[in-house]
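> The task is simple: from the sequences and hints, build the whole structure.
Below are the chains, spelled out letter by letter.
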Amino acid sequence: MAGIFDFVPAIVLLPFVSFLVALAVGNRLPKGGAFAGIVATAGSFLLSVATFFTVSGGQTYNQTIYTWANGLDGAVTLTFGLLIDPLSAMMLVIVTLIATLVHVFSLGYMNDEGETGLPRYYAGLGLFTASMLGFVVADNLLMAFMFFELVGLCSYLLIGFWFREPGPPSAAKKAFLVTRFGDYFFLVGVVAVFATFGTAAFAGSESFPHLAEQALHGEHSVNTFGFEPRTWFTIVGLLVLGGVVGKSAQFPLHTWLPDAMEGPTPVSALIHAATMVAAGVYLVARMYGFYALSPTSLSIIALIGGFTALFAATMGVVKREIKQVLAYSTISQYGYMMLGLGGGGYIAATFHLMTHAFFKALLFLGAGSVIIAMHHNENMWEMGGLKDKMPVTYYTFLSGSLALAGIVPFAGFWSKDEVLYETLVHGLGGSPILLVAYAMGLLAVFFTGFYTFRMVLLTFHGEPRSQTARDPHGVHWNVKGPLVVLGILAATAGLVNMTPVAELTGLEIEFLHQWLGHGIEGLTSHHYVELLESQAGYHAAEIGPIVPGLVSLALALAGAGLAYFLYNDAEPTEHTDKLGGAKTVLYNNYYQDEYQVWLANSLVQPFSRGADKFDQGVVDGVVNGVSSVSLLSGNRVRRIQSGVVSNYAVLLTLGLTALILGFGLLGGWF
Amino acid sequence: MSALLALQSSPLPDWAAVAPALILALTGLLLLAIDSINPTSSNSPVLAGISTAGSLFAFAVAGWFLIEGTGQAATGGEISLYGDALVVDGMSLFFTLIFTIVAAMVSIASMDYLSKQRYQGEFYALVLFAATGMVLMSMSNSLATAFVSLELASLPSYALVGFLKDNKGSIEAALKYFLIGALSSAVFAFGISLVYAATGSLLFPDVARALSGGTGMTGVLGMGMLMILGGFAFKTASVPFHFWAPEAYEGAPAPVSAFLSSASKAAGFAVAFRVFIEAFPITQLPAGVDWVLAFQILAVVTMTLGNFAAATQENVKRMLAYSSIGHAGYALIGLAALSANGPNANVLGASMAHLLVYGFMNTGAFLFIALVEHWGVGRTFEDYNGLGAKAPMASVAMSVFMFSLAGLPPFGGFFSKYVLFYSAIEAGFWWLAAVGAINSALSLFYYSRVVKALWIEDDTSSLELGSKPVGLYTAILFAAVGTLLLLPAFRPVIETAQTVAAALF
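Quick note, the sequences are listed as chains A and B, same order.
Under our numbering, the first sequence has 574 at position 574, and the numbering climbs by one with no breaks.
In our numbering, each number is its position in the second sequence, counted from 1, plus 670.
Simulated from the structure, these hints should not be mistaken for laboratory data.
Every residue gets a Cβ at the ideal spot worked out from N, C-alpha and C, and that includes glycine.
Heads up, a few of these hints could be off.
Claimed, not checked - Here are a few chain B residues that sit away from chain A, every Cβ distance over 12 angstroms (derived from the structure): (1) Gly-746; (2) Ala-1059; (3) Pro-1079; (4) Thr-1130; (5) Lys-1138.
Stated by the list, open to error - Coverage of chain B stretches by chain A, computed from C-beta distances (three or more under 8 angstroms per stretch; other residues unrestricted): (6) 844 to 850; (7) 893 to 902; (8) 914 to 920; (9) 945 to 959; (10) 978 to 990.
Following this line, the structure appears as structure tokens:
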């Protein structure tokens, strides 16, 4: 029976093939291998859609396809497998759609701009997409980790695409190292999961979330290394969370993301919307059944998320470059997703993951379009008045901005609102710590509205403030097409889950709730709600969604309004000076980079130096000692080999005599 | 031809079992005849062709015998000839394969190497006579035939080392080789006489029988045994009889070095295996005479000294000479890891298989030197810089030889060394394997220096390589392909070797 699930590996493999094609023969293909990438990702997209509809018909798939290390006698078995449930099916569609659009957009951004090294670029995009898709369909934590690392590698390769300039290589290194720091904890977490449960499968009766649940009920005993089971699960969960914090750019490992803007803009779109950054949040959603067992983990996730949302939003307020604003908005929005997950809103966070993917891809591609028009000048203070020159870009960008700011009825409003609502009801339902996170998230709404519209107004409104803005470079269909598709999605994607409207009208229109409510047993939202209630003690307070929704909408409008008031001039002035000392702090990103550099210099470096001393002195000393001893004795041998044949005869005879004497004495011959 | 036709109707007469030796000897005589009719002939393709054809014919016959089971348990066991002076069995046929294939490769390669020399006919005749001697060494069943065949192999070798009569190095090397050889032969002959004194026989089975009856002259026997061991140590270039090797290999024409270090060494092992296992069986040794211990000492000292000395060489040919001493140390494990009830056939078979693989990779490596000498490139590592760009095919082959000699996968040398060390561990001599492994790690250092020079270092000289000699290239590529194919084909090789080795015990 060849069902659609038999073709799921092809979703991952097609972009991988395009990677190989671009790498091998990209030079000889038209457009440097772009078409191979477009065809491959579009093919993956079609297969993903087919998979999506099959899953919506109630089928799921959880299958090991390759065992690469077979554990004997109770040792762990390491496998690759596929897990297709509503969550991964939805994610597949998002990733493949955005990857396809990014490929198309790249034709305009890279090819038409005459960039060199295009085969390398498209090879990177292909591998990036393939890695992310492999991560999405992974059925166990180890496989997820491996693809997670591949995603990190690809981001390194693509952020550093323009490696001849000074900025990109250093940004790429920073992204690689900072996320690697988080992944280190993730790896320890993976090992801990294996050591505890003997398996790392996500789904099924032998999966680690299920075993953990049974262990808490006392139905199954696992090795918890002397801790209380719940404490130990919290520790393991937090270790894995290290990787999430790094990849999803959460405080305090968010510092790599703004620098990553050095990469080509379509890559930024891919990183922020669908691949690298999304991977972290997706991982938490994937193993939500495990986190739901530990109220401590959930609170930490919620606090990190809420804090990051607010913290990043404030930094976005003062930035001058359009992509920098977007970078901080990404950090902030992923903070919301973490807040949703930690606040017990699994569906809400997944919803926000989806809508954010659309509108953030849109905003980045829109920014890319602006950057093409501005001849790669990203400073918003030199833009202005682009509204009339590039209407398609303007209206789609506006759609994305409204979604980002959370203005009804654009996509971001519904999802962000639900995140905040879920946090609020669980906070009031007996988990007061969530209220702190909620407050931070709510406050961030105001800043989001402000920086979003500041960006829109500075870029598109007013009078042109530079020569290039007066006469921008035109863009082609390959830029406008993706923008239109995403613009429509950014406006409408939220309609699939209008909780307040459902509440108000009593209609059954919360499609995402229904979608995530079915699927593999133990991975449904219903199961998670049960777990949250029974294990984490999350109870929902009885509050309607209308009032909180209005509050957050009001805040967003207030932020937007303030921006309108300050910057909607023909010649807007910089108001940042009014912030006084805060401005410097914000400009310097709260000195996050500085303190991390200080940590690296004053703590890590001495330690590394010590390790280096040990390595050079002790380890290398022994090795060098051995080799110098061998070279020395080799030299001795050379000296014995004098070239004088009578010496040889003497040595030969002496050697034989010694042998005979030795054996004679030993054997008692004499 | 008539002999072959006769085969199909009736079984061959027993004497036909020495056919490989006869073919080699007759080919040698044929070359001598040609040489005496036209002593100044420099038609190298014909001479080399005859020599190669004779060697390959002998190879084919030996291979055919081995497959058909001549002299093996399947067809009635070993064939004894001439009053038990010679014996043809699986082991002698296996070693004959090594000698003949190396002789064939050396003959093809010499076609270009000697193209400007006089008296070429003599050269090929000497190679074939030496090969005949080696085949006889592997067949000898008495200490007398062992001695005579060893001399038959050695005397042409001395002449071959000194074949470049205008070259001081070649002459000097030949003289040193001869002097040390004479000394070693004297020791060997003295050892034989002592063993005869103690046991009253020269035939291996009779010696063994005499030992099982007990002897009153343990000291005489032990001293004789160690002296015989010395004779073989000379042939295999093992410590302390190794002094001739670096000098002879360096001074000799490179194809001759290849021949000596691969075939001649294997011949020394062939006769050593037979003498010590057949004539002095471990289970029948009187107390106080423990040749296994002697071989253990020799193995450890030889491999360590060979590798350590190779590490400090600047001259590639000399480095290979010491590496060949090191490999003699590995092959000695075949005699050093024996015990009364151990898996002796596995150990010995592994050593034989290693010698076969070594025959390909080491011959190939020396022939690469021959090629480089043919071009007139210098002899040190620096002189090899950048050769990879100028002669990529040969350099790839050389890299294959180097990695295979070091024992890295995916080359034949990996499995042969692995199985050798593994069988030593199986036999309980893990420390021998450990010393071998440490030495192998060290050897990687100097082998990789060659590869580094070939591929990584920048070319400094502006030397133009001459033509690409067909014969040398053929031989080198043949050896390289053999080295590669011996990885997938290692299973039949090791199984054959261990089966034929089992027949000895």
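> List, from low to high, the hint numbers that the structure doesn't satisfy.
Result: no hint breaks.
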